[in-house]
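Q: Listed below are the residues making up each chain.
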Amino acid sequence: MSQNLFIRNSVVIRDSRVWRDGELIFKNETETTLSKFLKAIYKHQNLKYPKFFKMDSLSKLGYLGAEILINGEIQDKNTALVFSNSASSLETDEAYAQTMQDFPSPALFVYTLPNIMLGEISIRHQLRSENVFFVSREFDASLYIDYSKALFQEKKADNVLCGWVDLHNNDYDVFLWQIARSGGIDFNEEELKKLYLPTHE
Amino acid sequence: MRGVAVTGMGLVSAIGNNIVEAHTSLKNGKEGISLPEILKTGLKDLPVGEIKLSNSDISNILQLPDDHSYTRAALIGTLAIKELLSNSGFDNFPEDTGFISGTSIGGIDKTEEHFHNYKDHPEYRKYIQAQHPGFTTEKIAEYFGLKEVVTTISTACSSSANAIMMGARMIESGKLKRVIVGGSDCLTKFTLNGFNSLKILSDQKSKPFDNDRNGLNLGEAAAYIMLEARELIGDKKILGRVSGFGNANDAFHQTASSENGEGAYLAISQAIKKAKLSASEIDFINAHGTGTRNNDLSESVALKRIFGDTVPDFSSTKAFTGHTLGAAGAVEAIFSLLAIQNAEIYPNLNFNSEMAETGLVPVTEFQKKEIRTVLSNSFGFGGNCTSLIFQKDE
Numbered sequence: 001m002s003q004n005l006f007i008r009n010s011v012v013i014r015d016s017r018v019w020r021d022g023e024l025i026f027k028n029e030t031e032t033t034l035s036k037f038l039k040a041i042y043k044h045q046n047l048k049y050p051k052f053f054k055m056d057s058l059s060k061l062g063y064l065g066a067e068i069l070i071n072g073e074i075q076d077k078n079t080a081l082v083f084s085n086s087a088s089s090l091e092t093d094e095a096y097a098q099t100m101q102d103f104p105s106p107a108l109f110v111y112t113l114p115n116i117m118l119g120e121i122s123i124r125h126q127l128r129s130e131n132v133f134f135v136s137r138e139f140d141a142s143l144y145i146d147y148s149k150a151l152f153q154e155k156k157a158d159n160v161l162c163g164w165v166d167l168h169n170n171d172y173d174v175f176l177w178q179i180a181r182s183g184g185i186d187f188n189e190e191e192l193k194k195l196y197l198p199t200h201e
Numbered sequence: 001m002r003g004v005a006v007t008g009m010g011l012v013s014a015i016g017n018n019i020v021e022a023h024t025s026l027k028n029g030k031e032g033i034s035l036p037e038i039l040k041t042g043l044k045d046l047p048v049g050e051i052k053l054s055n056s057d058i059s060n061i062l063q064l065p066d067d068h069s070y071t072r073a074a075l076i077g078t079l080a081i082k083e084l085l086s087n088s089g090f091d092n093f094p095e096d097t098g099f100i101s102g103t104s105i106g107g108i109d110k111t112e113e114h115f116h117n118y119k120d121h122p123e124y125r126k127y128i129q130a131q132h133p134g135f136t137t138e139k140i141a142e143y144f145g146l147k148e149v150v151t152t153i154s155t156a157c158s159s160s161a162n163a164i165m166m167g168a169r170m171i172e173s174g175k176l177k178r179v180i181v182g183g184s185d186c187l188t189k190f191t192l193n194g195f196n197s198l199k200i201l202s203d204q205k206s207k208p209f210d211n212d213r214n215g216l217n218l219g220e221a222a223a224y225i226m227l228e229a230r231e232l233i234g235d236k237k238i239l240g241r242v243s244g245f246g247n248a249n250d251a252f253h254q255t256a257s258s259e260n261g262e263g264a265y266l267a268i269s270q271a272i273k274k275a276k277l278s279a280s281e282i283d284f285i286n287a288h289g290t291g292t293r294n295n296d297l298s299e300s301v302a303l304k305r306i307f308g309d310t311v312p313d314f315s316s317t318k319a320f321t322g323h324t325l326g327a328a329g330a331v332e333a334i335f336s337l338l339a340i341q342n343a344e345i346y347p348n349l350n351f352n353s354e355m356a357e358t359g360l361v362p363v364t365e366f367q368k369k370e371i372r373t374v375l376s377n378s379f380g381f382g383g384n385c386t387s388l389i390f391q392k393d394e
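Going line by line, the protein sequences match chains A and B.
Residue 163 in UniProt numbering is what sits at position 163 of the first sequence, and the numbering runs on without skipping anything.
Residue 379 in UniProt numbering is what sits at position 379 of the second sequence, and the numbering runs on without skipping anything.
Just so you know, not all the hints are guaranteed correct.
Said to hold, decoys possible - Okay, derived cross-link-like pairs now, DSS-like style, lysine-lysine, Cα gap no bigger than 27 angstroms in a straight line:
1) B:LYS30 / A:LYS156
2) B:LYS30 / B:LYS205
3) A:LYS149 / B:LYS177
4) A:LYS149 / B:LYS274
Claimed, not checked - Covered, in the sense of this in silico footprint (three residues per stretch, anywhere, with C-beta under 8 angstroms from a C-beta of chain A), are these stretches of chain B:
5) 187 to 193
6) 256 to 266
Keep in mind that the hints were calculated from the coordinates and are not lab data.
Every residue, glycine too, gets a C-beta built ideally from N, C-alpha and C.
Using the sequences provided together with the hints, build the complete structure.
A: Here's what the structure looks like:
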């Protein structure tokens, strides 16, 4: 049974910039560290969520992307989360492993799993819905399409929040979008790739 | 008959290198908790559930070449599936056999061992890619020539329970006819130090559900079961059926469970609904019961929410094996199936007094009792809660 699904909105965080629905909404003018950039987005968005400061960088990227994407609250508590990346939680795994030589850090250890990011987003929005985190070599549009379509077909969700949130050696690449049965851009591989890697003007 | 048939199983854990040994230990209340001998760690005083076979012992049993690149999880995983193969009635697994393996740690053991040698010793660089959890799964698949769907699930301590759920769903939907599901995790310095830093490891043998419980013991294990579609069964012996499963996020904390056990409550509810049972039809619960202050209370609260004042017989077998993380769901699936086949309940060891908050008392002695339906819980970091239901084939 075929069905029409649509990309409702999207967010990209890349190269010290943040885009919402293709529009540049925030830019760090000066060269800075990742943690300062993340804090600058938090301030710019006027967010009030102290748990943010305890998160590792991967979770911060996922949390910030989700906040900007949904602009406040996730209304539909049955929203499914379909996430993926390439480097898993390797950045934090390495940081935690470093502390093992001295005093192993509990604050880092709890983030040595990629599904913690899904946990953080679920905690923030009180979601007890379907969630999945894939590790794939590169951004795989068809993976999201197949999995999301199945969720709609099986009536597991009416809204799906998808995300590619990758972080390794301080290189980050974030792309989030929502899919629903109406509104926005057609949900297919071509449109998704266009949003993920827009051609430069 | 509802549910997906289980037609084979294999297990390596601290209480035995095969099913018969583990079953004997369970019946005799003989746990496998010791101080670490094979894992080289500075944390020498923390009890663990260690498999007393070195990597070279297992390599010899499996007749691997000297230059192999199997991680410890791959070694024990292969050993467990070798047992499964021997009792599944096949000489070799047929080509249409899928393989879904859960693991939390993957090949971190090899990174710990060789990281500082990579620069000067190219011969160790084969282990760089072994860090990826999928590598461990691929090595096991390679050993048995498994070429159908081969995939890895890593959702911390619910990994192999989720692998069983995924396999059952793939059989139900007709995507696979036959699939090996389960998981493998070994002890590492990474996890021992990590759990210790969270202050949830006990310096004694763990006491699940006891009022004075003070933490868990880590363990290592590999456990796999074979699921087969109806049309392949023929006159094969069915060990039990996977009839229910549910998964939900607790949405509370990165590593701790909520006070009202919401994630557990939702997972158990979904599993019971999926199996088309009522709560009163559950004969026995193999609890997650890690022995931490937090888990056992949260899980008890969830059980009371589901079952009210008539919580069925329950026990945690983690005092036998230690908490085997990603493998725990599959280890306990096998214990649940053994309970069903042999009409037995295995005891919750080291229990003295009930929790003040809930007053729940687990089964503390080995018992003979008809068991038709078992609920098995596995809850993981990130709030990932999974419940499975196993039923007698009848």
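Q: Hint by hint, say whether it matches the structure.
A: Each hint, compared with the structure:
1. B:LYS30 / A:LYS156: violated (44 angstroms)
2. B:LYS30 / B:LYS205: Between B:LYS30 and B:LYS205 the Cα gap is close to 13 angstroms, so the pair holds against 27 angstroms.
3. A:LYS149 / B:LYS177: holds (23 angstroms)
4. A:LYS149 / B:LYS274: Within the cut-off at roughly 22 angstroms; holds.
5. 187 to 193: holds (count 3)
6. 256 to 266: Our answer is that it holds, as 3 residues pass the Cβ test (under 8 angstroms) against chain A, meeting three.
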